[in-house]
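Trainee: Line by line, the protein sequences are chains H, L, A and E.
Numbered by the numbering used here, the letters in the first sequence go through residues 863 to 1138 in order.
Numbered by the numbering used here, the letters in the second sequence go through residues 863 to 1138 in order.
Numbered by the numbering used here, the letters in the third sequence go through residues 863 to 1138 in order.
Numbered by the numbering used here, the letters in the fourth sequence go through residues 863 to 1138 in order.
Note that these hints are calculated values from the structure, not bench results.
Cβ atoms here follow ideal geometry from the backbone N, Cα and C, with glycine treated the same way.
It is possible that some hints are incorrect.
[Claimed, not checked] Here are some chain A residues pointing at chain E (derived, C-beta under 7 Å):
hint, residue
1, Gly-913
2, Thr-965
3, Gln-979
4, Arg-987
5, Lys-1005
6, Gln-1006
7, Ser-1007
8, Asp-1022
9, Asn-1031
10, Leu-1032
11, Leu-1034
12, Asn-1048
13, Leu-1102
14, Asp-1131
15, Phe-1135
[Stated by the list, open to error] Some chain H residues flagged as far from chain E (calculated, every beta-carbon gap over 10 Å):
hint, residue
16, Asp-885
17, Ala-897
18, Pro-926
19, Lys-933
20, Asn-955
21, Pro-971
22, Gln-975
23, Ser-980
24, Lys-1003
25, Phe-1136
Number of protein chains: 4
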Amino acid sequence: MNKEELANNSIKCLDKGFVRLVDFMGDDSAIVQAARVSYGNGTKSYREDRGLIRYLMRNSHTSPFEMVEFKFHVRLPIFVARQWIRHRTANVNEYSGRYSEMTDEFYVPDLIQLRHQSKNNKQGRSEQNLELHHAENVLKKMKQSQKNSYNEYKFYLEEDLARELARINLPLSSYTEWYWKIDLHNLFHFLRLRLDSHAQFEIRIYAEAIAEIIKKIVPISFEAFEDFRLYSKSFSRIELEFLKNIIDKSKLKEKALLDLGLSKREATDIIDFFNE
Amino acid sequence: MNKEELANNSIKCLDKGFVRLVDFMGDDSAIVQAARVSYGNGTKSYREDRGLIRYLMRNSHTSPFEMVEFKFHVRLPIFVARQWIRHRTANVNEYSGRYSEMTDEFYVPDLIQLRHQSKNNKQGRSEQNLELHHAENVLKKMKQSQKNSYNEYKFYLEEDLARELARINLPLSSYTEWYWKIDLHNLFHFLRLRLDSHAQFEIRIYAEAIAEIIKKIVPISFEAFEDFRLYSKSFSRIELEFLKNIIDKSKLKEKALLDLGLSKREATDIIDFFNE
Amino acid sequence: MNKEELANNSIKCLDKGFVRLVDFMGDDSAIVQAARVSYGNGTKSYREDRGLIRYLMRNSHTSPFEMVEFKFHVRLPIFVARQWIRHRTANVNEYSGRYSEMTDEFYVPDLIQLRHQSKNNKQGRSEQNLELHHAENVLKKMKQSQKNSYNEYKFYLEEDLARELARINLPLSSYTEWYWKIDLHNLFHFLRLRLDSHAQFEIRIYAEAIAEIIKKIVPISFEAFEDFRLYSKSFSRIELEFLKNIIDKSKLKEKALLDLGLSKREATDIIDFFNE
Amino acid sequence: MNKEELANNSIKCLDKGFVRLVDFMGDDSAIVQAARVSYGNGTKSYREDRGLIRYLMRNSHTSPFEMVEFKFHVRLPIFVARQWIRHRTANVNEYSGRYSEMTDEFYVPDLIQLRHQSKNNKQGRSEQNLELHHAENVLKKMKQSQKNSYNEYKFYLEEDLARELARINLPLSSYTEWYWKIDLHNLFHFLRLRLDSHAQFEIRIYAEAIAEIIKKIVPISFEAFEDFRLYSKSFSRIELEFLKNIIDKSKLKEKALLDLGLSKREATDIIDFFNE
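Same shape as in the complex, but just chain H (with noise of 0.2 Å):
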């Protein structure tokens, strides 16, 4: 895929928002080169850069990754925003309200998205939905509340107030657009924290949406990024007294481990820390 086909995609998000890869710069093959200067003939035996990115990401040796960078145009309700700001290696323009006149676009949930407060988990919701009445209430009253506020906001600029204070009681479900440029190093710590399935659903849906796009641009990365990042888990250190005394070391043979697709290292690794 070129740049030219990606540029020019967009990929909608919520219910008026979307993600827009605008330009980037470099891809899988820009990593492996910026590894090679590092590393210079301590990397020729890695015959193919699969092997070299992989590696790489697997001893949390970043730099390469930093050394492509993407940027994006994002719609986005100002609550999500207000998540996505705090990731701050990264470089942002913002539609100022100061400038310019907000439009009339509020988010409103789907129906589905209406569930319960969840009960261990303190910051996030539950997987039970309201029942159906109360739901549809509720969306009702959230959408004559967004309504009320931009009519309310309306009538301040007509007053001719200015702008910057004009806004202030628009609610946080308004729609705003940013530019957001990052290098893939960060883009891979952003979207590890907003694909956790403790992110809010509404930011999570940009993060998918940024996989989406940037697992074409770096395939090798990506899939490195997923296997020993999003979908790696971490064990602590008396985790691992208890996992070295419950596994059946009579199953920890290097053939089922490269069977499984692991490198000849990464096999020998496992195998050693298991036996130590």
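Given the coordinates of chain H, assemble chains L, A and E onto it according to the supplied hints.
Mentor: Quick look at chains L, A and E alone, frame taken from chain H:
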């Protein structure tokens, strides 16, 4: 003023906000200490700390100012927080509406702040107030709308809608709070932008409170910041050529400059500049 | 241990270097304080700080750890400084060879550190020492060469060659010094990489000294760092599938995990993970 | 000039170094594009991009300049690399002497660069050259010493001493190389400091090469950078008071300023400033 006294200092901001210094590390002497490591014998000739600090500020040797750190507790409206957070080189822990219930505190501007949109400044408010009965009407509407929004929020919570969704129609005028930690160099950058007359009035109030607090802790650095940054002015290449042509060189005397308090070096520099 | 006692603490590193804690801001309680702002009522149930800190570390809620700051004075060889400086989220003031004369101090390894190139680790030294008379020969050469370099440097200075040029043939083993300031989250990242067995021995010595110092100031956080980061191990997607197949599920009992010191939540998580 | 032509551009620096543009993302139009999202309708009145870019630069609206990214491949002496790396907001992959063998390339200054220590500038070299036979002697010594250091290094490698130790007596004049990626805003900051007459000559050469390359890619931004940053001058609070007193106000005419190429807004600002 010692650490204990300051730590209890809190300055009210806007109608329901505040800035409170929670902790800090270092003061003017920490800057001098770090600079003397960098410039070693090179700084022997500066007999006093004030001279060294002013030299550092004037010559953009910014790293010693990074050696001082401040931590504030701030309560502020969300629309102010959104401008504030754009300063990325800082550490933040914000109150989370996912974990906890939002309070019913909203920013209501003073009547006198209800100004018309500026005509020559696209981002700001003018000096001209709304007519009194219009202004009173706006304020009444704002308060009513905030009350409605909070009732709406409470209703959603009673329906046991997840907090992370219940909050989405709360207005940008809602108060939030956070811990904010930043080094002095980056804080000066924040202050330079946010004390500026183009900054929105509401964030300027916070910048002024912070300035008030830190000038007691780093008085020499703060004065240097005022002289060489805050109240300085930069002229472009063309403007400088113009200035050279319109100054009265007969008045360009070292004595006059020294009398104003410039150092010998500063006086020589300015004379050389206009005579070259 | 109070601030005054610590501030005078200095740990010797290598033959002529040291790490000295100059100042710090905050401790375990500052982390708890910041977290409770973020997670508000959400953290009510954690009756004790230790539980909260371990929860934060385990779930990668890293921002509260950024609220603690350390400032060190370090003397170190330039080749170590070059590895160290790659950690960008920190503040540095280094001794400048442009401003000041370099001293005649150079790192000379202990005899026992003169090891062969590792065969399976492209970046490191093996466990195998050089034969004694070879090692002694190497050390003698090193010292002689350092002496020659310094004489060369002094000669250039006597010729009144600018210091910034006179120094260019000084060796990478030359000692430099700096002030280094960093927050606890980024310091943990530094320690994780630099305490690792793959880190060069000479920087590891400094990382160990820093660990020694900070564990007195943030004992609970440091223990959590050891448990969930330093001595943790991450398994890839494939490795996890393999592990699920080779553990003896009959031994996967909550009681066993609780007896090891895991929290109820941690125990449940691990059991759920292997049973899903 | 298109991407392919530029990508093959490499500029020699010093005796054995170079700067080569490897890739870039965006140009002047990307800055305009990002700014128009931020300032929306507020920028409608800027009929042309040049006006907008100059407005952004003049008013320190720096974030749109962060939307352009450059990646360079650089070969440079280690003492230059040590100054360069202090610019932290960039990405680096450097050749590693732990993984790979160092080459026998060292920086030897031109005879004409062998200058005396500056008397009034503590960090730099003066305009005054060493006497010829002294300079020749210095150069001869430098080359001999570099040759000796490399022979020493090769000897250690032959003894199979670990590379990470064998290199420690190599001089700071050794060439290294790296990939360096940075956004335009931070690159301008780098250039402002490193094109300055107080920067060490050897790094200035690299800054000039980089300036040469990027001015072809972002010509409008680069000109604005020159006008409002590089060739601008900032006057302190006291200096401004002094200037107000020594200018001939009869010459402060809008027409004169417009004739010099200032915008109407710029002309008004400067007249207002001196008349207030």
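Trainee: Now tell me if each hint is right for this structure.
Mentor: Evaluated hints:
1. Gly-913: Hint on A/Gly-913: violated, closest Cβ of chain E at ~36 Å, above 7 Å.
2. Thr-965: Check failed: Cβ of A/Thr-965 comes no nearer than 15 Å to chain E, outside 7 Å.
3. Gln-979: holds, 5 Å
4. Arg-987: holds, 3 Å
5. Lys-1005: violated, 10 Å
6. Gln-1006: Constraint on A/Gln-1006 not satisfied, violated at 9 Å.
7. Ser-1007: Holds: closest Cβ of chain E sits about 5 Å from A/Ser-1007, inside 7 Å.
8. Asp-1022: holds, 5 Å
9. Asn-1031: holds, 4 Å
10. Leu-1032: holds, 6 Å
11. Leu-1034: holds, 5 Å
12. Asn-1048: Because about 12 Å separates A/Asn-1048 from the closest Cβ in chain E, which is outside the 7 Å limit, the hint is violated.
13. Leu-1102: violated, 30 Å
14. Asp-1131: violated, 36 Å
15. Phe-1135: Hint violated; A/Phe-1135 Cβ to chain E Cβ min 35 Å, cut 7 Å.
16. Asp-885: violated, 5 Å
17. Ala-897: violated, 7 Å
18. Pro-926: violated, 6 Å
19. Lys-933: H/Lys-933 is in fact no farther than 10 Å from some Cβ atom of chain E, at 7 Å.
20. Asn-955: H/Asn-955 not clear of chain E: closest Cβ-Cβ about 4 Å, inside 10 Å.
21. Pro-971: holds, 26 Å
22. Gln-975: holds, 28 Å
23. Ser-980: holds, 36 Å
24. Lys-1003: Fine: 30 Å to the nearest Cβ keeps H/Lys-1003 off the interface.
25. Phe-1136: holds, 29 Å
When held up to the earlier numbered hints, the structure conflicts with 1, 2, 5, 6, 12, 13, 14, 15, 16, 17, 18, 19 and 20 and fits the remainder.
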